[in-house]
Amino acid sequence: MRNMVVKAAQLPIRAFTLLESLVTLAVVAFLTLSLSGSVTGIFQQVETNLFYLRFEYLYRDSQRLAAAEGTNIELQLTKDKISNGRTSLSIPENIHLDKGQTLVFDAKGGNSSLSKIRFSSNKEVVTYQLNMGSGKYKKTVS
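Numbering (my numbering), first residue to last: 1 to 142.
Hints listed in this document are in silico derivations from the structure and should not be mistaken for laboratory results. Heads up, a few of these hints could be off.
Below 20 angstroms or equal to it, Euclidean Cα-Cα: the simulated EDC-like pairs (lysine to aspartate or glutamate) are [stated by the list, open to error]:
#1 K116 <-> D61
#2 K139 <-> D61
#3 K79 <-> D98
#4 K136 <-> E93
#5 K99 <-> E56
#6 K79 <-> E56
#7 K108 <-> E74
Listed next, with one range per pair, are the computed distances between beta-carbon atoms [said to hold, decoys possible]:
#8 V46 <-> T87: 16 to 24 angstroms
#9 S115 <-> V28: 49 to 57 angstroms
#10 V28 <-> K99: 41 to 49 angstroms
#11 T32 <-> H96: 27 to 35 angstroms
#12 V23 <-> S142: 44 to 52 angstroms
#13 L53 <-> L18: 49 to 57 angstroms
#14 T102 <-> T40: 44 to 52 angstroms
#15 L31 <-> S112: 49 to 57 angstroms
#16 E20 <-> D98: 53 to 61 angstroms
#17 S142 <-> Y57: 47 to 55 angstroms
Glycine included, each C-beta is placed from N, C-alpha and C at the ideal position.
With the hints as extra help, turn the sequences into a complete structure.
Structural data, given as structure tokens:
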């Protein structure tokens with residue numbers, strides 16, 4: 001038998017230079033930071049939209065509760081939360097309520113004022129103009 005020795009071909013060891021590694025690291029860091037900024041902005045916009053939907057639901061729910069119980073229900077708006085005595089909704093940090101107030105829904109579900117509820121954020125101002133008696137409102141975004 002023959003003794004066969006197979007030599008593995010030796011390839012030169014190749015590695016990135018320090019400069020190539022630093023450039024790659026800089027590109028990856030830049031992409032990561034730029035994408036995280038846009039994700040944060042999108043998250044805040046979604047949080048803002050969900051807050052307005054929850055506020056409208058709490059408003060209508062307070063009307064229904066007043067009509068169902070046949071009693072007056074107060075919807076209290078303060079700078080950090082909105083509450084009807086049974087359910088409360090926290091106002092996100094990026095949204096500011098212009099002034100605190102209390103809305104009273106009578107036994108028929110109608111409100112007792114023509115007040116405006118104004119929320120402001122970095123990008124928009126949302127105003128709810130209440131209609132007296134009917135409990136309906138008009139929402140404007142500017």
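Against the structure, the hints come out as follows:
1. K116 <-> D61: At roughly 19 angstroms apart (the allowed maximum being 20 angstroms), D61 and K116 satisfy the hint.
2. K139 <-> D61: Holds, at about 17 angstroms.
3. K79 <-> D98: holds (8 angstroms)
4. K136 <-> E93: violated (27 angstroms)
5. K99 <-> E56: holds (18 angstroms)
6. K79 <-> E56: Judged against 20 angstroms, a Cα distance of about 17 angstroms means the pair holds.
7. K108 <-> E74: holds (13 angstroms)
8. V46 <-> T87: 16 to 24 angstroms: Hint holds: Cβ distance 22 angstroms, inside 16 to 24 angstroms.
9. S115 <-> V28: 49 to 57 angstroms: Between S115 and V28, where Cβ atoms are some 53 angstroms apart, the hint holds.
10. V28 <-> K99: 41 to 49 angstroms: holds (48 angstroms)
11. T32 <-> H96: 27 to 35 angstroms: holds (31 angstroms)
12. V23 <-> S142: 44 to 52 angstroms: holds (46 angstroms)
13. L53 <-> L18: 49 to 57 angstroms: With a Cβ separation near 53 angstroms, L53 and L18 satisfy 49 to 57 angstroms, so the hint holds.
14. T102 <-> T40: 44 to 52 angstroms: With Cβ atoms ~34 angstroms apart, the hint is violated.
15. L31 <-> S112: 49 to 57 angstroms: holds (55 angstroms)
16. E20 <-> D98: 53 to 61 angstroms: Because 55 angstroms falls inside the window, the suggested range holds.
17. S142 <-> Y57: 47 to 55 angstroms: This hint is violated: roughly 23 angstroms between Cβ atoms.
Consistency note: the structure conflicts with the earlier hints numbered 4, 14, 17.
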